[in-house]
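Counting in this note's numbering, the sequence shown runs from 65 upward without gaps.
Since the hints were derived computationally from the structure, they do not count as laboratory data. All C-beta atoms, glycine included, are put in the ideal place defined by N, C-alpha and C. Possibly wrong hints are sitting among the right ones.
Have a look at the derived ranges for each label pair, beta carbon to beta carbon [unchecked claim]: (1) Asp228 / Asn251: 43 to 49 Å; (2) Glu413 / Leu194: 35 to 41 Å; (3) Asn347 / Pro116: 21 to 27 Å; (4) Glu413 / Asp228: 22 to 28 Å; (5) Pro161 / Gln434: 36 to 42 Å; (6) Thr129 / Lys272: 15 to 21 Å; (7) Asn204 / Lys154: 33 to 39 Å; (8) Leu121 / Glu213: 40 to 46 Å; (9) Gln424 / Gly172: 23 to 29 Å; (10) Glu328 / Lys205: 23 to 29 Å; (11) Leu143 / Leu194: 25 to 31 Å; (12) Leu121 / Asn248: 22 to 28 Å.
Calculated cross-link-like contacts (lysine-lysine; reagent style BS3-like; alpha-carbon spacing at most 27 Å) [unchecked claim]: (13) Lys231 / Lys291; (14) Lys209 / Lys147; (15) Lys199 / Lys209; (16) Lys263 / Lys292.
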Amino acid sequence: MNTVFIIGTYMYFRRAEGVALKFKLGLFLLSFALAGSPLSAETDAFDAISLPYTQDLNALRASLTLPVSDSVEKIAIPLRKLKLRAFNPKNDLTIEPLSLNIPRTESGMNDLIHRIASKGKAKDLSELILERMTKQGPSNKASVKIDLEPKDFELINLKAIGQDMAKEHHRVTVHTRELSQDKNSWNELRQQLSFMLPKEQLVKIARKVKVGLDLSLDEDLLPSFAKKMVGKFIIYRGPNCFHAALAFFDQQMTRLPTINVKEEEGYHKSMINYDELWRVINNQFYEIDPRTAPMKFGDMLVFFAVPPESSKLINFKTIRHTAIYLFGPYTFSKGSKSPNTPYTVKTLEEEWSTWRAFTQNLGVKVYRRQVIGPEIALPSTRNDWIY
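Working from the sequences, and respecting the hints, build out all of it.
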């Protein structure tokens, strides 16, 4: 598209009084013209690739392994958030209602009912579930999803549902006495964190290491968004692994109208579509070869369904998941766009196993963010959001 035309369009929109949407659109068009990026959100394939997909977990190597202890804990959905999803007083379509995945075996269904039924209500809940399953008809699937209505919760123990839907999170502690004795690892950690964390946070980390106080991955080493959200559930449908991966670097970036271009009906505005993610990767990241370059803190792991025939083009529609690599075996991610998945620290093996079960011919590519200067935020009237 002609850059002069775009700039002219921008100036026209800029002069239009009181039309904020036109101003946003002008900036949107200008930014893509100058960046040389495709304007269409429907473009399937992007630049030619030279690095192959990594399809063996053992090929992903860590640049930094730290002395840690790892406690795996179960995180349950808080009762307050379950109630908001069950009764939704604002009738907000972006709040995802509660539902149940009912095993189709009699024993599996009965076990679930006895775990979550209110006292003395197991028989009534069983009848309700059988009625809903009958309406859905036969299926080859191992389970059936049953949507719940507010009146159904007279039969259901909400707290038990929260426990039943609990997810695992790795609570990692870095032992600083051992770390301080390994000068190479300590210097490498500081260097990698310096690209991700503000100076004040880096100073606090250095002070703890100096006096031998252990570091919490959740509380000390994560950047702002991840630190705020790790170990937490939300109530909205939409914020997904793509949003979590970009917000890890800068939550403000995910709000820009040039990045979060389209708001899907029925989904929270913070959801990032895979074409939006792929555009950011192409403009702000570069691919590394994990065979020759070990992964560093903040590298983005992008999981693909690798096409059966090799191609020099990547179709962003084959992206299945994103996670942020931390150090050692650890990652930060959100499992899906559903509020049933929290923001957690996982291991590479867990990420790989999960998405291999969902994806034929799984492959991953590793992207590192370019070191860039401060960005000027574009005008935005959007209010935040999630908590």
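Cβ distance range 35 to 41 Å for Glu413 and Leu194, holds or violated: holds, 39 Å
Would the hint linking Lys209 and Lys147 be met if the CA-CA limit is 27 Å? holds, 19 Å
Outcome for the supplied range 40 to 46 Å, where the beta carbon pair is Leu121 and Glu213: With Cβ atoms ~43 Å apart, the hint holds.
Can you confirm whether the C-alpha distance between Lys231 and Lys291 stays at or below 27 Å? Holds - the C-alpha atoms of Lys291 and Lys231 are around 18 Å apart, at most 27 Å.
Cβ separation of Gln424 and Gly172, checked against the hinted range 23 to 29 Å: With Cβ atoms ~26 Å apart, the hint holds.
Distance restraint evaluation - Thr129, Lys272, Cβ atoms, bounds 15 to 21 Å: holds, 19 Å
Within 27 Å, alpha carbon to alpha carbon, are Lys263 and Lys292? holds, 18 Å
If you check the beta carbons of Glu413 and Asp228, does the distance land in 22 to 28 Å? holds, 25 Å
Could you say whether the range 33 to 39 Å given as a hint is met by the Cβ separation of Asn204 and Lys154? holds, 38 Å
For a C-alpha distance cap of 27 Å, please report whether Lys199 and Lys209 respect it. Roughly 12 Å between the alpha carbons, so the hint for Lys199 and Lys209 holds.
Is 21 to 27 Å respected by the C-beta to C-beta distance linking Asn347 and Pro116? holds, 23 Å
The hint says 25 to 31 Å between Leu143 and Leu194; measuring C-beta to C-beta, is that right? holds, 27 Å
In this structure, every one of the numbered hints holds.
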